[in-house]
Amino acid sequence: WEEVSIMDEKNVPIRTYQVCNVLEPNQNNWLRTDWIPRSGAQRVYVEVKFTLRDCNSLPGVTGTCKETFNLYYHESNEDRESYIKESSFIKVDTVAADESFTQVDVGDRIMKLNTEVRDVKVTTRKGFYLAFQDVGACIALVSVRVFYKTCPLTIRNLATFPDTVTGADTSSLVEVRGSCVNQSEEREEPKMYCGADGEWLVPIGGCLCNPGYQEKSGTCKACSVGFYKAKSSDPGCSKCPPHSHSVRDGATVCDCHSGFFRADSDPPSMACTQPPSAPQQLISVVNETSVVLEWAPPRRLGGRSDTSYSLECLICQTGSHNYPRPGSGSGSHLCLPCGSDVLFSPGQTGLKTTRVVVSELRAHTHYTFIVHAHNGVSQASGAGAAQSVSVTLTTNQAAPSPVSFIQATDVTRHSLSLAWQQPDRPNGVILEYEVKFYEKDQRERSYRIMRTFSRSVDVTGLNPLTVYVFHVRARTAAGYGEFSAPFEFSTNSDPFPLIGEGVNSAFLLLSISGVGILLLISAAVFIISRRRSKYSKTKQDSEEEKHLNPGVKIYVDPFTYEDPDQAIHEFAKEIDVSSIHIERVIGMGEFGEVCSGRLRVQGKREIYVAIKSLKAGYSDKQRRDFLSEASIMGQFDHPNIIRLEGVVTRCKPLMIITEYMENGSLDAFLRKHDGQFTVIQLVGMLRGIASGMKYLSDMSYVHRDLAARNILVNSNLVCKVSDFGLSRVLEDDPEAAYTTRIPIRWTAPEAIAYRKFTTASDVWSYGIVMWEVVSYGERPYWDMNNQDVIKAMEEGYRLPAPMDCPVVLHQLMLDCWERERAERPTFSQILNMLDKLIRNPGTLQTHRKTYIPWSMCVWLQSIGLERYRDTLAAAGYTSLDSLLALTHQEMDRLGIITPSHQDILIASVQQEMLSQMQHMQHTMVPV
Numbered sequence: 001w002e003e004v005s006i007m008d009e010k011n012v013p014i015r016t017y018q019v020c021n022v023l024e025p026n027q028n029n030w031l032r033t034d035w036i037p038r039s040g041a042q043r044v045y046v047e048v049k050f051t052l053r054d055c056n057s058l059p060g061v062t063g064t065c066k067e068t069f070n071l072y073y074h075e076s077n078e079d080r081e082s083y084i085k086e087s088s089f090i091k092v093d094t095v096a097a098d099e100s101f102t103q104v105d106v107g108d109r110i111m112k113l114n115t116e117v118r119d120v121k122v123t124t125r126k127g128f129y130l131a132f133q134d135v136g137a138c139i140a141l142v143s144v145r146v147f148y149k150t151c152p153l154t155i156r157n158l159a160t161f162p163d164t165v166t167g168a169d170t171s172s173l174v175e176v177r178g179s180c181v182n183q184s185e186e187r188e189e190p191k192m193y194c195g196a197d198g199e200w201l202v203p204i205g206g207c208l209c210n211p212g213y214q215e216k217s218g219t220c221k222a223c224s225v226g227f228y229k230a231k232s233s234d235p236g237c238s239k240c241p242p243h244s245h246s247v248r249d250g251a252t253v254c255d256c257h258s259g260f261f262r263a264d265s266d267p268p269s270m271a272c273t274q275p276p277s278a279p280q281q282l283i284s285v286v287n288e289t290s291v292v293l294e295w296a297p298p299r300r301l302g303g304r305s306d307t308s309y310s311l312e313c314l315i316c317q318t319g320s321h322n323y324p325r326p327g328s329g330s331g332s333h334l335c336l337p338c339g340s341d342v343l344f345s346p347g348q349t350g351l352k353t354t355r356v357v358v359s360e361l362r363a364h365t366h367y368t369f370i371v372h373a374h375n376g377v378s379q380a381s382g383a384g385a386a387q388s389v390s391v392t393l394t395t396n397q398a399a400p401s402p403v404s405f406i407q408a409t410d411v412t413r414h415s416l417s418l419a420w421q422q423p424d425r426p427n428g429v430i431l432e433y434e435v436k437f438y439e440k441d442q443r444e445r446s447y448r449i450m451r452t453f454s455r456s457v458d459v460t461g462l463n464p465l466t467v468y469v470f471h472v473r474a475r476t477a478a479g480y481g482e483f484s485a486p487f488e489f490s491t492n493s494d495p496f497p498l499i500g501e502g503v504n505s506a507f508l509l510l511s512i513s514g515v516g517i518l519l520l521i522s523a524a525v526f527i528i529s530r531r532r533s534k535y536s537k538t539k540q541d542s543e544e545e546k547h548l549n550p551g552v553k554i555y556v557d558p559f560t561y562e563d564p565d566q567a568i569h570e571f572a573k574e575i576d577v578s579s580i581h582i583e584r585v586i587g588m589g590e591f592g593e594v595c596s597g598r599l600r601v602q603g604k605r606e607i608y609v610a611i612k613s614l615k616a617g618y619s620d621k622q623r624r625d626f627l628s629e630a631s632i633m634g635q636f637d638h639p640n641i642i643r644l645e646g647v648v649t650r651c652k653p654l655m656i657i658t659e660y661m662e663n664g665s666l667d668a669f670l671r672k673h674d675g676q677f678t679v680i681q682l683v684g685m686l687r688g689i690a691s692g693m694k695y696l697s698d699m700s701y702v703h704r705d706l707a708a709r710n711i712l713v714n715s716n717l718v719c720k721v722s723d724f725g726l727s728r729v730l731e732d733d734p735e736a737a738y739t740t741r742i743p744i745r746w747t748a749p750e751a752i753a754y755r756k757f758t759t760a761s762d763v764w765s766y767g768i769v770m771w772e773v774v775s776y777g778e779r780p781y782w783d784m785n786n787q788d789v790i791k792a793m794e795e796g797y798r799l800p801a802p803m804d805c806p807v808v809l810h811q812l813m814l815d816c817w818e819r820e821r822a823e824r825p826t827f828s829q830i831l832n833m834l835d836k837l838i839r840n841p842g843t844l845q846t847h848r849k850t851y852i853p854w855s856m857c858v859w860l861q862s863i864g865l866e867r868y869r870d871t872l873a874a875a876g877y878t879s880l881d882s883l884l885a886l887t888h889q890e891m892d893r894l895g896i897i898t899p900s901h902q903d904i905l906i907a908s909v910q911q912e913m914l915s916q917m918q919h920m921q922h923t924m925v926p927v
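Position 775 of the sequence shown, counting from 1, maps to 775 under UniProt numbering, and the rest follow consecutively.
Rather than coming from a laboratory, the hints here were simulated on the basis of the structure. Glycine included, C-beta positions come from ideal geometry on N, C-alpha and C. Be a bit skeptical, because a hint or two may be false.
What the hints assert, rightly or not - Across the chosen pairs, the derived CB separations fall in these ranges:
1) 113 with 177: 42 to 50 angstroms
2) 445 with 357: 35 to 43 angstroms
3) 677 with 177: 34 to 42 angstroms
As the list claims (entries may be wrong) - When the alpha-carbon atoms are kept at most 20 angstroms apart in a straight line, the in silico EDC-like pairs for lysine to aspartate or glutamate are as follows:
4) 231 with 186
5) 352 with 410
6) 66 with 78
7) 756 with 823
8) 221 with 175
9) 652 with 698
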């Protein structure tokens with residue numbers, strides 16, 4: 001190569017490297033650059049500008065002329081290599097010209113310049129050399145430019161991304177993490193990718209301006225005076241709300257003007273407000289010992305809509321005019337707070353209404369009532385007396401309260417003595433008492449009245465051995481009070497007093513002996529009658545018979561009670577609402593929200609609970625249905641049945657409190673943890689459900705809605721049966737079998753067709769639950785509609801085994817789905833079967849490894865037991881000969897637990913083998 005100066009198209013001299021040894025063969029001319037530092041580049045680009053002579057324009061040139069040259073590179077850590085072997089260079093490419101020139105072109109000064117760009121991956125050394133090899137061309141290198149690409153510094157989504165060198169490969173992307181600009185914070189980690197062409201790709205994530213700052217031209221600028229920004233997520237600075245201001249740049253909240261306030265719960269965007277003025281036009285209406293207080297709302301509400309009221313009640317001494325309140329200085333003992341026995345309806349604090357009825361006051365007593373108005377900023381403002389209005393009044397005379405307790409003494413055949421305490425609130429001087437009594441059987445159709453000035457009376461002229469009902473009421477100058485609650489007492493059958501002095505001890509001993517003999521005779525008659533009724537009882541359907549062990553409770557249907565409150569108070573404990581702390585909403589139930597929270601009962605440790613509430617505006621039927629679930633649940637006590645902690649019925653909203661199950665419903669829990677449990681863990685879950693259902697069936701309770709969605713799971717993976725709300729649906733809705741409220745996919749055929757719900761139909765549902773568990777919460781029958789499901793079941797279709805389902809578990813499912821309910825196993829049998837599987841995990845084979853002959857399949861199909869084909873094959877029973885060894889115990893172990901199926905299998909094997917032997921005897925030919 002020669003360094004030559006030439007003139008370009010503008011007659012400007014330029015330096016070139018040229019070579020044109022085209023007449024000589026085997027050319028090998030090299031031109032090498034100086035050492036070029038890599039400077040962090042991973043891929044460099046070489047732009048070559050050159051001219052090339054057309055070989056055809058060269059006279060006398062044969063085959064030695066070329067129209068290409070080669071580009072090479074060599075990586076090196078330092079600039080000390082004066083000589084580099086040809087073999088050390090790596091070839092980049094052979095470069096050819098798009099345009100070549102001829103001798104004519106030179107004469108006309110038409111130089112056809114070519115520009116070619118090649119890229120080279122350089123990542124192993126600090127620098128490199130470039131080399132150009134000529135193999136026989138007429139060529140001039142005009143310029144060589146070496147460069148690398150970067151993605152330039154940029155700001156996207158308030159994040160700065162630095163100047164970034166592209167990756168080594170043409171398809172590589174360099175991930176770059178951005179840094180938030182000043183006065184901003186990460187919303188989501190800001191990232192961008194630098195492409196090989198030096199272009200940034202779409203940004204991910206970004207930053208938000210801090211409170212008090214907003215975005216402007218890619219930076220965060222402070223909010224100006226009179227504006228604010230409370231949260232990073234707010235779109236920008238907002239003008240201060242009414243009655244507030246900001247006095248500096250970058251405000252996050254606006255301060256309230258003097259005399260205006262903001263509550264802790266008020267958002268910064270809310271206007272500052274004032275406490276209300278005092279209530280207006282307080283009037284009182286006295287009715288004996290009750291007072292009706294009414295007032296008008298305050299004239300000034302302070303710009304808020306959360307006004308509420310509270311009442312203060314004071315008892316004042318007679319003759320007091322100023323009625324100072326306790327702690328107010330002189331005369332502070334003239335008025336004292338009312339006692340806790342005073343009743344306020346609807347309440348004393350937190351009132352939204354402007355009318356209150358105060359009852360249980362004392363007669364002829366001076367009272368002062370103070371009505372306070374509050375809103376959200378009353379406490380912040382420190383406002384007190386200016387927000388209240390008071391009234392002073394005196395109660396009238398009133399009838400006494402009812403007598404609370406009556407005691408009977410000296411009971412004889414024809415008389416008894418009654419005594420009682422003075423009423424809790426006599427409301428004046430008791431002038432006399434009135435006693436009303438009648439025989440219990442007469443039910444007040446015929447009664448007698450006695451009057452007395454003392455708190456006792458002797459009642460005579462009674463019939464022997466008769467129950468009497470007594471009521472007592474007191475009279476003052478204001479009139480009679482209400483009669484007491486009924487008290488029942490029975491007269492004696494002997495002529496001597498039953499209680500008191502002078503009792504004949506010999507006669508008393510004789511009486512006790514006689515009573516004992518009578519009790520023994522009654523017991524004997526009862527036992528004999530029970531035995532006779534037992535042996536005369538006709539045989540009933542085995543599914544409806546309940547052989548109960550001594551001491552086993554029987555479920556009582558709460559709908560048999562006329563008053564649902566009676567059932568709820570009999571089976572569920574009432575909980576004080578102040579013991580419940582609701583923390584968050586976890587779902588929606590049929591009747592209202594379902595929340596989680598904590599329950600602290602005095603003397604016990606605090607526990608986490610689930611709280612079902614009855615939404616406002618409920619009907620009587622909804623209230624009864626809501627409470628009936630608690631009445632049902634309260635009868636159960638089993639580790640695999642959801643535990644009822646209690647109910648709240650004495651205030652609104654009504655609540656049902658149960659233990660809290662951390663992992664929620666079983667179907668959602670399994671879907672969330674798909675494939676994460678061992679087969680033994682799944683069988684353990686099924687075992688818990690079966691144990692709970694056995695307990696329910698022993699109590700004669702039919703669930704009717706057993707499904708994985710109604711099984712709850714706690715933190716220890718213990719499964720518990722819940723949701724006892726479907727027990728009356730079919731009775732209430734004659735079309736319920738084909739409505740969305742009936743769980744068709746989980747319901748037995750006879751329950752769908754004839755509404756015949758029994759423990760056997762619960763067993764069918766349990767088989768579906770087994771399928772749900774093993775399939776990790778898959779929907780039974782997939783996307784089939786209800787009518788298709790019903791039709792498929794009627795035609796004998798049953799769900800196939802889920803993926804990796806042990807053969808013995810699918811066999812148990814098929815047993816639960818027997819068309820005849822008498823053929824289905826009981827929950828006791830299911831529980832025993834699962835216990836055996838847990839003790840012998842080897843029986844839980846997932847894969848079928850043994851082939852069963854076709855003839856064996858046909859034979860099983862002929863006797864109606866084809867379902868056991870895989871079970872028998874997995875256990876190695878692949879021929880009739882091997883089936884001869886089957887015993888009832890072995891079939892129990894394999895999961896063939898239906899007695900009739902066991903008998904059919906053994907008898908059919910014996911019959912088939914006998915037929916084969918007879919056939920062989922007939923076909924033998926004598927020799």
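Taking the hints in turn, this is what the structure says about them:
no. : hint                             : in the structure
1   : 113 with 177: 42 to 50 angstroms : holds (44 angstroms)
2   : 445 with 357: 35 to 43 angstroms : holds (36 angstroms)
3   : 677 with 177: 34 to 42 angstroms : holds (39 angstroms)
4   : 231 with 186                     : holds (13 angstroms)
5   : 352 with 410                     : violated (56 angstroms)
6   : 66 with 78                       : violated (35 angstroms)
7   : 756 with 823                     : holds (16 angstroms)
8   : 221 with 175                     : violated (29 angstroms)
9   : 652 with 698                     : violated (36 angstroms)
Hints 5, 6, 8 and 9 from the earlier list are contradicted by this structure; the remaining hints agree with it.
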